[in-house]
Amino acid sequence: MQPYTRRVIEVIQSIPEGYVMTYGQVAGLAGSPRGARQVVRILHTLSHIHKLPWHRVVNAKGEIAIKDDESRLMQELYLQDEGVIINHKGKIDLEKYRYHPPE
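Quick note on numbering: the sequence shown equals residues 2 to 104 in the working numbering.
Hint data in this document are derived by calculation from the structure and do not stem from the laboratory.
Fair warning: this is a prediction, and the values are worked out from it, not measured in the lab.
Among the clues, some could well be false.
Claimed, not checked - In silico lysine-lysine, PhoX-like type, Cα no more than 20 Å apart, as pairs:
hint	residue 1	residue 2
1	K92	K52
2	K90	K62
3	K68	K97
4	K92	K62
5	K92	K68
Said to hold, decoys possible - Derived DEER-like restraints, expressed as beta-carbon distance ranges:
hint	residue 1	residue 2	range
6	Y79	I50	13 to 23 Å
7	S72	E18	16 to 26 Å
8	K90	P4	21 to 31 Å
9	K90	E11	17 to 27 Å
10	S72	G19	16 to 26 Å
11	Y5	H89	30 to 40 Å
12	K52	R73	17 to 27 Å
13	Q81	H45	21 to 31 Å
14	R38	E104	20 to 30 Å
Even for Gly, the Cβ is constructed at its ideal location relative to N, Cα and C.
Can you build the whole structure from these sequences, using the hints too?
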């Protein structure tokens, strides 16, 4: 496994219940600020194997970026079960729910 992939996995695993991080934020903390698309690929291929809390990663606008209706609904339900409020426009208040790990 590549070091960057390992760091992405560690960052995602560190997101506590009831919080979210953006793809770009995960990429930056893992060492590649422009690597958001790679974070998407890592989530897609390794979430199940590493039991990643994939549902806690959203886009920079605070929106669920998954296009598949069933997976999108699952992500909404998982986040709501953790207390994250998704407004009527499908957005999460990043000011309130974005996780900022300690330095």
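Status of the hints after comparison with the structure:
no. : hint                   : in the structure
1   : K92 / K52              : violated (25 Å)
2   : K90 / K62              : holds (11 Å)
3   : K68 / K97              : violated (24 Å)
4   : K92 / K62              : holds (7 Å)
5   : K92 / K68              : holds (15 Å)
6   : Y79 / I50: 13 to 23 Å  : holds (18 Å)
7   : S72 / E18: 16 to 26 Å  : holds (20 Å)
8   : K90 / P4: 21 to 31 Å   : violated (38 Å)
9   : K90 / E11: 17 to 27 Å  : violated (32 Å)
10  : S72 / G19: 16 to 26 Å  : holds (20 Å)
11  : Y5 / H89: 30 to 40 Å   : holds (37 Å)
12  : K52 / R73: 17 to 27 Å  : holds (20 Å)
13  : Q81 / H45: 21 to 31 Å  : holds (22 Å)
14  : R38 / E104: 20 to 30 Å : holds (26 Å)
Going down the numbered hints, you'll see the structure goes against 1, 3, 8 and 9, while the others check out.
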